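Residue numbers (the numbering used here), protein chains in the order written: chain U, 1 to 419; chain P, 1 to 419; chain A, 1 to 419; chain E, 1 to 419.
Don't read these hints as lab results, they were simulated from the structure. Note that the coordinates shown come from a computational prediction; the quantities given were computed from them, not determined experimentally. Among these hints, one or two may not hold up.
Since the list can't tell identical chains apart, any single copy or any two copies may satisfy a pair.
Listed below are the simulated SDA-like cross-link pairs for lysine to any residue, each with C-alpha atoms no more than 25 Å apart in a straight line [stated by the list, open to error]: (1) Lys-23 x His-152; (2) Lys-108 x Arg-151; (3) Lys-23 x Arg-387; (4) Lys-108 x Ser-274; (5) Lys-155 x Asp-94; (6) Lys-23 x Asp-286; (7) Lys-228 x Gln-200; (8) Lys-155 x Gln-125; (9) Lys-108 x Ala-90; (10) Lys-99 x Ala-140; (11) Lys-108 x Asp-54; (12) Lys-108 x Ala-386.
Protein chains: 4
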Amino acid sequence: MSLLADLTSTLFDRRYLRVRREKRNGRSVEDLCNDLLTSRGEVSGVALASTVLDAYAALDREGRLKFFRFLATELDLDTAALGDAAAAYAASHDPGDYKRLMALAEPKRQELARRMNQVPGATRQLVQMRCDLMDELSAAPELARLDMDFRHLFKSWFNRGFLVLRPINWESPALILEKIIAYEAVHAIGSWDDLRRRLQPSDRRCFAFFHPAMPDEPLIFVEVALTKGVPGSIQKLLSEDRGAHIDASEADTAVFYSISNCQKGLAGISFGNSLIKQVAEDLGRDLPGLKTFVTLSPIPTLMKWIRAEGREAEAATPEGLRRLAALYLSEAKRPNGQPMDPVARFHLGNGAILHEVHAGADTSGNGMAQSGGAMVNYLYDLSKVARNHQAFAEGEKVAASGQIAALVKQAQSQAPKAA
Amino acid sequence: MSLLADLTSTLFDRRYLRVRREKRNGRSVEDLCNDLLTSRGEVSGVALASTVLDAYAALDREGRLKFFRFLATELDLDTAALGDAAAAYAASHDPGDYKRLMALAEPKRQELARRMNQVPGATRQLVQMRCDLMDELSAAPELARLDMDFRHLFKSWFNRGFLVLRPINWESPALILEKIIAYEAVHAIGSWDDLRRRLQPSDRRCFAFFHPAMPDEPLIFVEVALTKGVPGSIQKLLSEDRGAHIDASEADTAVFYSISNCQKGLAGISFGNSLIKQVAEDLGRDLPGLKTFVTLSPIPTLMKWIRAEGREAEAATPEGLRRLAALYLSEAKRPNGQPMDPVARFHLGNGAILHEVHAGADTSGNGMAQSGGAMVNYLYDLSKVARNHQAFAEGEKVAASGQIAALVKQAQSQAPKAA
Amino acid sequence: MSLLADLTSTLFDRRYLRVRREKRNGRSVEDLCNDLLTSRGEVSGVALASTVLDAYAALDREGRLKFFRFLATELDLDTAALGDAAAAYAASHDPGDYKRLMALAEPKRQELARRMNQVPGATRQLVQMRCDLMDELSAAPELARLDMDFRHLFKSWFNRGFLVLRPINWESPALILEKIIAYEAVHAIGSWDDLRRRLQPSDRRCFAFFHPAMPDEPLIFVEVALTKGVPGSIQKLLSEDRGAHIDASEADTAVFYSISNCQKGLAGISFGNSLIKQVAEDLGRDLPGLKTFVTLSPIPTLMKWIRAEGREAEAATPEGLRRLAALYLSEAKRPNGQPMDPVARFHLGNGAILHEVHAGADTSGNGMAQSGGAMVNYLYDLSKVARNHQAFAEGEKVAASGQIAALVKQAQSQAPKAA
Amino acid sequence: MSLLADLTSTLFDRRYLRVRREKRNGRSVEDLCNDLLTSRGEVSGVALASTVLDAYAALDREGRLKFFRFLATELDLDTAALGDAAAAYAASHDPGDYKRLMALAEPKRQELARRMNQVPGATRQLVQMRCDLMDELSAAPELARLDMDFRHLFKSWFNRGFLVLRPINWESPALILEKIIAYEAVHAIGSWDDLRRRLQPSDRRCFAFFHPAMPDEPLIFVEVALTKGVPGSIQKLLSEDRGAHIDASEADTAVFYSISNCQKGLAGISFGNSLIKQVAEDLGRDLPGLKTFVTLSPIPTLMKWIRAEGREAEAATPEGLRRLAALYLSEAKRPNGQPMDPVARFHLGNGAILHEVHAGADTSGNGMAQSGGAMVNYLYDLSKVARNHQAFAEGEKVAASGQIAALVKQAQSQAPKAA
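For reference, chain U alone in the conformation it holds in the complex (with noise of 0.2 Å):
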């Protein structure tokens, strides 16, 4: 059981600090790069890649975005050899051909980055350098491309099967720690106590995916309360003085109160889906007094939705809220089909259901201005996600419980007639 832990020797995270660096012999960081990719390169490896890396951090803004248009136009596809090695194979499927459209298929900034990838602690830096990209992507759109190519790398490098789900506690290192209190972006932690009191008591739970190549960053992570029914209040939910935890064993419901991201530098690699999944799996199997695993979820878009449908009068009354927040998530719909409210999307999209909605149930000042006070539940249901999933993909109704459609049916009933 300990195979991978012994996999981490003591010196692997610190020793890359020490790396052997070529010499820079005045090079730029593109005629570096150019070397990187020369077969000189391929031998070299670490001291090379390493000073890439350190002349890429040592770039001001102007200068990274000088590299990126070098990396977007020096370094990319030879469209006229690919259309004839697209020819040529096409006409003789032979084994050499296909190599040479394979090669010609992927630009030489793909194999830049896997090559500046060898240096130990690479990953977060290229990580980072995306980040920065994504910085001049609205000002310089024909950089678009290059951030497509960080992106498919990424998926295959950040691939579900490479992850490692960690429970994140009070035993947790405070180099992690400090990063949860960073990256929390739903229900902000405002201090190291209030972050105690969200992992310490034996009815809360943490839970992050990590890279093994970037030990020390949490990639995503999700907070859970082990609670006795579904609740209706993160305030509740929350609070400091709620009275006794519960022990985790007596809890019948998991509830997973905040998600959130913590790379920018991998935005559109998708982990939130897996996470929820897995999370509710292990959990599951630890105790198995859980029945029911649930959100207790922001709706963003709620009290808009309601202006525009010029029904706020509706929405004064916690009933009234309730109906209109069942109707939206259930009914308002985008162009494309897909349902108006981007928690929606996602978690829909993930093959959750509609479970239950309430008002006065984030009365934070933003709460209040985002959805009058309303959240919802939406329930996983692990032996139906990807049933209800291929049902939502397919465009079918909005899966929702009982209870919803009810309201929903009372929303409808209540519609003010059009003039």
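Given chain U, put chains P, A and E in place with the hints provided.
The following block gives chains P, A and E in isolation, referenced to the frame of chain U:
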């Protein structure tokens, strides 16, 4: 220092055995693959991918061949569309066109492999899948393109930056050690006692590269002896009763006397180059007394060349054999200019130089048959490997020590006159 | 969960090899001990204690005997002062008098042992020292008191609360596993392959107690087979080709078929009692299917007793042998009322009961010679062990199952009439 | 290197929460203790001991006092029997008599404590029990003998050889770090940010001793600053904006600026002496640039002495204050000849010497009140600590550097004439 270690929860490596499977419902492995490539496959993810892997594992040889043909043919490139997309992007340089082009520039089987790899533990199964494939290549050469795709993916996944260097010693798990016994390809390890003699003494070291997704599978390992002076006999080096072992801190030389690749399914993904250099770096740091890093290497094709040259008589004396070995390694070339000897190609290509040759150095049956008992030390001087490689790549003279150069001169002066 | 693991810096176990030594300056080991007992010894601590341990390690047998006599005599109790101090404290009950009394109530050699034990790694050397001492006891019975002091110290140091239970499996370090092979005392392990058959299959387990100060030395270990039903043959249980292994979750019975103490120097410090109960607790928690916890134990002195009783003829049939075994284990007693059979004394004293006896259960040469091939299952019912022990300690009838009781009755009815 | 780490199964530290308890059946804690001391208690072991510990934990202060009196009185020595046994052994020197004597020479409460300690996790509870006891000692001095027994046991259990030295850094578990904040006794740590400033910079170190049976409880820790030259101001050393941190390899001096004991229940078990020396050894090995190991220590009673001497005027200038500090630390003695200053007693007793004194070194309110802002460096030269200690123990002059000696001379020449 324990973050990566912490990363590795006990649960991780075992749990995948219990991953939820999607019901097969009579689908063939090919159908399952097609499903996995749909958006539904993306969401049901691990469960469906597990079912695919199970289905593959249940195939017999014929089934596997059919499956490989399916991958090679049905999930091949659409060359016509690819040609069009290349033309469109060439014309527009538009991001949308780039995206379409990149999607077409990769056969779907690569995405399929990435989706199969979502399952914890799948990486090892995919490496095995390529193994299975390699057994079919000679009879079904049209599968070569599939093999190229595996190789392309594995190059990305097994990037040096993702590998972890680990010492292998007598405290390593038996599960790992039995693989060291099985995989040793140069000087066979006959028993656990023999293994202990290679690992436990104070003047022996062994290191392996591992990938975090296959923590109990060494990828490549190197065995090292710490000595005073450069040794010239493998039998003496490995002798059971070689007397008192020197303390590591007394050694001035590290001898890489055996390097073995472990994973047939990773053929063509070169690790040896990095391994030797990394181990030399690390040993040099931990044991400042070490000044010389050499191999003690076989010369597999020496006798064959000597016979071809008709110089067997000369090879009968130790000095004659040494002269011929020096000459052969320095001067005998393949039509493409590369050294004839495969081991020489590897080490000289990595930037090592010819340091010394020894007669009577490998008196085993195999050693006598291949090289008349001669062996060679390649010297790794880390401050010069990049330069040496460069010279080698540019086709310059093979770099060699003064002793070797002198031997070569003598050998040339004694060359048989052409009749 | 990793705090204790984190505790264990890489440095710890190796570093003591490099502990600073105080110069010996020609002092004898006895002089060094006297110095270590002064206040200076308290401060120079590890350095002086290391010198003492080195000096001891360099002694030959004669030197050790002299040293043990020094400990037994020179560092013995001052009985006169002790008597006076006891009287003074009896009169005053004053804390100062108590302090003086307690200081005199312990021979100085105990404090000496504690000071030697300051050196990391010393605990193992002190256990070895007692080993050396035990070799002298028969020839030098006056050293028995020194042995008692070791035992007293070790009871405190190797207290159950300080021991760590660890699974031993095929992922354990070879360094540990070779000790399992060496220490197995009941059913010898012939080779590494044999060891693997005891550790790797899904229906096998092994656990050992360790002490944190001797992390590479198992103290005692137990081998367990997971079965359906209670087995009645050790050869079948250990057979090389016993067919498909059941999955652990299918088993209803855990069979403790071998328990071995590892450290001669810890003789008299009983671990077996705790080990069986702890392993039964843990297995029961991890594998809820397990309902029965039994041993499969030898009956070392059965044939001797049968011969003494003159009932060899009866023992010739399986049924006869079973009856006699049941009778022997239940009724044959030593003068002090304890069971005659040593294994029975151990398990019955721990609160187990006689569950079943089997003929033809150990057909090895040793098994046939000792017990005519009979073996016995002792049953551990954790909810009853305390009560069973109580009854046993109070001299009640040996607790046994109905089958055993019936066999005893039959055996008694067939007892040869006194002539 | 991972054997000790491997030792520490995940299960270990958590599992004791779920230890089986023996039913209490209305027994008082005193009855339970008596039962635990019988042979039955030896076998039922962990279960009964757990019940005892639970029963103790449920006592209120009055109940605890009653319990302590029970231990002190009912489980006290039988002095009459002890006297007889001493006489018998003195006469016979027979092993049997020795055994009886040793059994009587220890009060039963020590065996009771060892049996309670069978429960995993009990060690910490027993340390707490002594804490509780210490609160009663002033009001119930007759319990002092019980306290002596705890101390005796803990000296054996917390022997230096059983302790593990661990770095404390920003990767340590929050659970440990919050204890560092709580236990820091010299220069308070105000917040997690403050803590990070003491742990994370490249020129800061912290080390603690732990006991394997209490893995989440530091016993004592020392904070270290790596500097160029010996510092003379604690505020500068700890300043938030002290500028760029030097790299550890550049430092020539290690400054032990704070040592804190963590466990009140281990009062009188000295760890500080070993800790400083061990940390100095380890740092010296890892950072060969370190040549000087000093403290930066308070002089808690300096101003009190100055006032008693009537030399306040002199203390008003930095030079005057330094002279007086040097004089005080070198010459001011208690009636027993030991230095008057408690910190000086500790470090000089450990073999350190007076190295330098600084005025304006601690300008905090407390620092000004205690010592007028003066601080002192004690120098640890590991090659001389044993010799220095010896001289100190033999009552020789306090060992001091030339600077200190010169200051003392000046101070003496300026001493006020007796009227």
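### Task
List, from low to high, the hint numbers that the structure doesn't satisfy.
Violated hint: only 1; rest satisfied.
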